[in-house]
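Based on the sequences and whatever the hints tell you, model everything.
Heads up, my numbering is the position in the sequence shown plus 114, with the first residue counted as 1.
To be clear, the hints were calculated from the coordinates, so they are not data collected in a lab.
Heads up, the beta-carbon is just placed ideally off N, CA and C, and yes, glycines get one too.
Any given hint might turn out to be false.
[Stated by the list, open to error] Across the chosen pairs, the derived CB separations fall in these ranges: (1) Leu445 x Lys349: 27 to 37 Å; (2) Pro344 x Ala377: 28 to 38 Å; (3) Pro207 x Arg525: 10 to 20 Å; (4) Trp447 x Arg525: 37 to 47 Å; (5) Leu473 x Pro509: 44 to 54 Å; (6) Gly291 x Ala377: 24 to 34 Å; (7) Gly173 x Ala377: 23 to 33 Å; (8) Asp384 x Gly308: 23 to 33 Å; (9) Ala377 x Leu513: 29 to 39 Å; (10) Cys512 x Ala212: 18 to 28 Å; (11) Cys512 x Gly176: 32 to 42 Å; (12) Gly218 x Leu445: 33 to 43 Å; (13) Ile280 x Glu399: 15 to 25 Å; (14) Glu399 x Arg474: 45 to 55 Å.
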Amino acid sequence: MTYDATAAAPPVAEHGAGAAQSVFGAPSAGRLVGIDLARGLAILGMYAAHIGPDPSVGGPVGRLMEVTRGRSSALFALLAGFSLIILTGRPEPRTGRAGRQAVGRVLTRSAVLIALGYALAALDTPVDVILAFYGLIFVLVLPLYRLRAGALALIAAATALIMPQILYLLRTAVDGGTWADVVIARDPLARLTGSDGVVELFVTGEYPVLTWLSFVIAGMAVARLDLTRPGVHAKIAQSGGALAVLGYGGSWLALHLIKGAQATVSATTDGGSAASAWWSDSVGEPVTSTPYWLLVAAPHSQTTWSILGNTGVALMVLAACLAAVDRSARLRWMATPVIVVGSISLTAYVGHIIAIRALRIEDLPESAALSALVGFAAAAMLLALAWTRVFKRGPLECLVHAAIAPARLIR
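Encoded structure:
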């Protein structure tokens, strides 16, 4: 399995025309269309990461392909946090029976995402399926849903600063010992799914919960803001820009100013030179043989620098999408094909993995990758447009909606 795959739960909003249904099965009426636009862009970015040309082709296409890798999934994780706050109450968190029902719905959806994630992983495509990781993250961050934006932002920052170091130590312990094998052997989830179970979800997977918590919590913080207030979109964009500069710029400085850092990272990874490790995944997979790896900001490096940089990019994209649909009806109309893809993101995500498996996309020559990407993107937009003209929810969103319906019986 390779690179990122993304599917978070789209949120419900307070205003704006709805397109269709979300992963979480919430009503389409009143959705924040800008959120759907951001999610649609992330879906198409995911398609580029999984189907498009390898960044090594160079030129504008290669650079665009590199930008989509890892950052698309970070954007989806941030939007998932936004969804969680919407579902549990916004602007004020739900309490009493309504709060218990909301918690029940989120837990049920989390279970569905985890099950669906393992089912997709069983197809054995080149895609690293993220759904199971997302499902577990939703469960872990759920106790935070009543916190205000400031507290959530502080927790997101703390997890970004602390968790990558803990993950590095745990991965080092996995590589240097046998304890992980013992845990996996006794893990019922591992036996049931044929995976590494909780060890994979928390430590060794492509989207380890320990480091991806930060994106979701950051999205929860954004959702607690009053997005209708003048200047809020600009402040989100400015915060994103500052985080991007801090993350990628901090990594660049560290790799260039700390003696031996760049050479050591280059020598211990399976990718290319560490010269671009401050922003590119071309350096290869994360390593535990040197702590210098913690200076890298490659999108999948699971470091503090990468989390800061990716969060910054996600915030800037989100702010741009919110501002675009609010300020220009023409832009909103032009973006409709992308918006409807984002509005049925679970279906769009699962569908592309099934199509990759059915069409054996990984067997195509590199020269056909760009054409395949264009075909996938066009098909997704056309099918989403056609479906949402007739139906309120996407096909898989209908199934999720049915699964969570019993939560209304909670007292």
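Evaluation of the provided hints:
1. At about 21 Å, the CB distance of leucine 445 to lysine 349 disagrees with the hint of 27 to 37 Å.
2. Between proline 344 and alanine 377 the Cβ separation comes to about 50 Å, which falls outside the hinted range of 28 to 38 Å.
3. At roughly 19 Å, the beta carbons of proline 207 and arginine 525 sit within the given window of 10 to 20 Å.
4. The supplied range of 37 to 47 Å is met by tryptophan 447 and arginine 525, whose beta-carbon atoms lie about 45 Å from each other.
5. For the pair leucine 473 and proline 509, the beta carbons lie near 19 Å from each other, so the given range of 44 to 54 Å is not met.
6. For the hinted restraint 24 to 34 Å between glycine 291 and alanine 377, the CB-CB distance of approximately 28 Å keeps it satisfied.
7. Separated by about 28 Å at the C-beta atoms, glycine 173 and alanine 377 satisfy the suggested range of 23 to 33 Å.
8. In this structure the hint that aspartate 384 and glycine 308 lie 23 to 33 Å apart at CB holds, the actual value being about 25 Å.
9. Separated by about 52 Å at the C-beta atoms, alanine 377 and leucine 513 break the suggested range of 29 to 39 Å.
10. Between cysteine 512 and alanine 212 the Cβ separation comes to about 23 Å, which falls inside the hinted range of 18 to 28 Å.
11. Evaluation of the 32 to 42 Å hint for cysteine 512 and glycine 176 yields a pass: the beta carbon distance comes to about 39 Å.
12. For the pair glycine 218 and leucine 445, the supplied restraint of 33 to 43 Å holds, since their beta-carbon distance comes to about 38 Å.
13. Checked against the hint of 15 to 25 Å, the pair isoleucine 280 and glutamate 399 passes, with Cβ atoms roughly 19 Å apart.
14. One distance hint, 45 to 55 Å for the beta-carbon pair glutamate 399 and arginine 474, is violated here, with the actual separation near 24 Å.
In summary, the structure is inconsistent with hints 1, 2, 5, 9 and 14 from the numbered list given earlier, while agreeing with the others.
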